[in-house]
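Protein chains: 2
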Amino acid sequence: MPKRIDHVAIIVRNIEQALVFYRETLGIEPSVIKDVPSEQVRIAFLPLGGPAGSEIELIEPTTPDSSLAKFLEKRGEGLHHICLEVENIDATLQEMQAKGAPVLDKEPRLAAEGRAIFVHPKGTSGVLLELLERPSAE
Amino acid sequence: MPKRIDHVAIIVRNIEQALVFYRETLGIEPSVIKDVPSEQVRIAFLPLGGPAGSEIELIEPTTPDSSLAKFLEKRGEGLHHICLEVENIDATLQEMQAKGAPVLDKEPRLAAEGRAIFVHPKGTSGVLLELLERPSAE
Chain A
1 MPKRIDHVAI IVRNIEQALV FYRETLGIEP SVIKDVPSEQ VRIAFLPLGG PAGSEIELIE
61 PTTPDSSLAK FLEKRGEGLH HICLEVENID ATLQEMQAKG APVLDKEPRL AAEGRAIFVH
121 PKGTSGVLLE LLERPSAE
Chain B
1 MPKRIDHVAI IVRNIEQALV FYRETLGIEP SVIKDVPSEQ VRIAFLPLGG PAGSEIELIE
61 PTTPDSSLAK FLEKRGEGLH HICLEVENID ATLQEMQAKG APVLDKEPRL AAEGRAIFVH
121 PKGTSGVLLE LLERPSAE
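Chains A and B are the protein sequences, given in the same order.
Position one of the first sequence corresponds to residue 1 (the working numbering), numbered consecutively onward.
Position one of the second sequence corresponds to residue 1 (the working numbering), numbered consecutively onward.
Hints in this document: simulated from the structure, not taken from any laboratory.
Only true hints are included.
One copy or two, it doesn't matter: identical chains are merged, so the pair holds either way.
Calculated pairs, DSS-like style, for lysine-lysine (alpha carbon to alpha carbon, straight line, at most 25 Å):
| hint | residue 1 | residue 2 |
| --- | --- | --- |
| 1 | K106 | K122 |
| 2 | K122 | K3 |
| 3 | K74 | K122 |
| 4 | K70 | K122 |
| 5 | K3 | K99 |
| 6 | K3 | K106 |
| 7 | K70 | K106 |
| 8 | K70 | K34 |
| 9 | K122 | K99 |
Please work from the sequences and hints to get the whole structure.
The following block contains the structure:
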């Protein structure tokens, strides 16, 4: 069973513009704003609920060609995916496969926050679902 | 500033069908499954992360006429809204209005979990946003 909601991701046209609401109006201070050129995006994390809490992630595509940019073009700004933290991503992947879930990865991919797999919306009632193992703190 | 992500809501055609993935495959046990006739929906809450954690809410429209049923018809299953818990919903409403956020409620509405207001997606980068004050535990 997943440990918690790690983050909820929102795809936006422009992070600074989105922060007018999320930072100025709502009062959530971003912990990180950075370019991730390998994924052709700029991201911001808005932490809520302290260390055991969850984050809102803002994702801004930085090139017109990525699948995220095409998602934005087609669907507009809005909710993009949910990420749940799991204890062990390898065991989770095996279990998802054994139970016939439509996992998009043959093995865990290296994400910014740890190792992750994605499950296709067709298996989750329409939700792109990320499952993530964070590196253990040492 | 909001205290935490209270829940993330997913609109589904059929809760039992959605639970095949969320309960059987993912292993999250619903804390509540109930009809809410006043809102023409059936809902399930899937708690994650313990008492300080967040929940996934599954929402199934039970009539064809509600705005939720129309949303489902138009957009299909998927992410519907995020809810953030706040300390004081009256103060939050005043602040949102003073800062020009497109709040959908003139005063807090009575939701199942407490008193809440909704902010229109046009002010939040495309996300229907619920802000909720839960009754204080006594």
